[in-house]
Amino acid sequence: AQSVTQLDSQVPVFEEAPVELRCNYSSSVSVYLFWYVQYPNQGLQLLLKYLSGSTLVESINGFEAEFNKSQTSFHLRKPSVHISDTAEYFCAVSASNQGGKLIFGQGTELSVKP
Amino acid sequence: DGGITQSPKYLFRKEGQNVTLSCEQNLNHDAMYWYRQDPGQGLRLIYYSQIVNDFQKGDIAEGYSVSREKKESFPLTVTSAQKNPTAFYLCASSNRGSADGYTFGSGTRLTVV
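If you're matching them up, the sequences are chains A and B in order. Residue numbers for the first sequence, in the numbering used here: 460 to 573. Residue numbers for the second sequence, in the numbering used here: 419 to 531.
Please note that the accuracy of each hint is not assured.
Stated by the list, open to error - Where chain A lies over chain B, by a calculated footprint (3+ residues, C-beta under 8 Å):
{"id": "1", "region": "455-466"}
{"id": "2", "region": "509-518"}
{"id": "3", "region": "522-528"}
Simulated from the structure, these hints should not be mistaken for laboratory data. Keep in mind the model is a prediction, meaning the values are calculated, not measured. Glycine included, every Cβ here is placed at the ideal spot set by N, Cα and C.
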């Protein structure tokens, strides 16, 4: 079985500062990894995903995540955050042999302050 | 544009009443899911369906029921047996065996008054 742990439930940060949201997973088989973002009172939107190939994946709004197989991690980073990045972020894992079913972490609330 | 639609956005219910939340997708996805979200508790899986006319209980199915009579539709009924129904409910869909992840609806906020 797979599991996902997001190590921080809340991350406060000032605008233009760098941020890292941490995600660790466990699985006995190869996995696909995802980050979703949820703005208040909305559904989740896919931010980025790792399927195979390059371990560094990027989103269109400046976020990036690196797949680290040895540390079973998929941390999300942004070098300079904006107020508009304030949201909840969910890490998710899918085993490559599980028919696409996702296991979600508990979420990290990113709060960007001016 | 293809997508997944949840309705209504806000729903109020009196205690003791059943209520049905709608979820429709036009993405031709095989699988559909219902999650409940409470502050600080992440997403909890209620029910999921990977094929028409079949569905499985998730982690918190008690007090809920679903049907999957059509590929496009996966309505969730919150019954009077659900002790704490006030929450934000999210529906999602995906293609079985796909690595695309899930597409989510915009959610329904249910309040019991």
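Against the structure, the hints come out as follows:
no.: 1; hint: 455-466; result: holds (count 5)
no.: 2; hint: 509-518; result: holds (count 8)
no.: 3; hint: 522-528; result: holds (count 5)
When each numbered hint is compared with the structure, no violation occurs for any of them.
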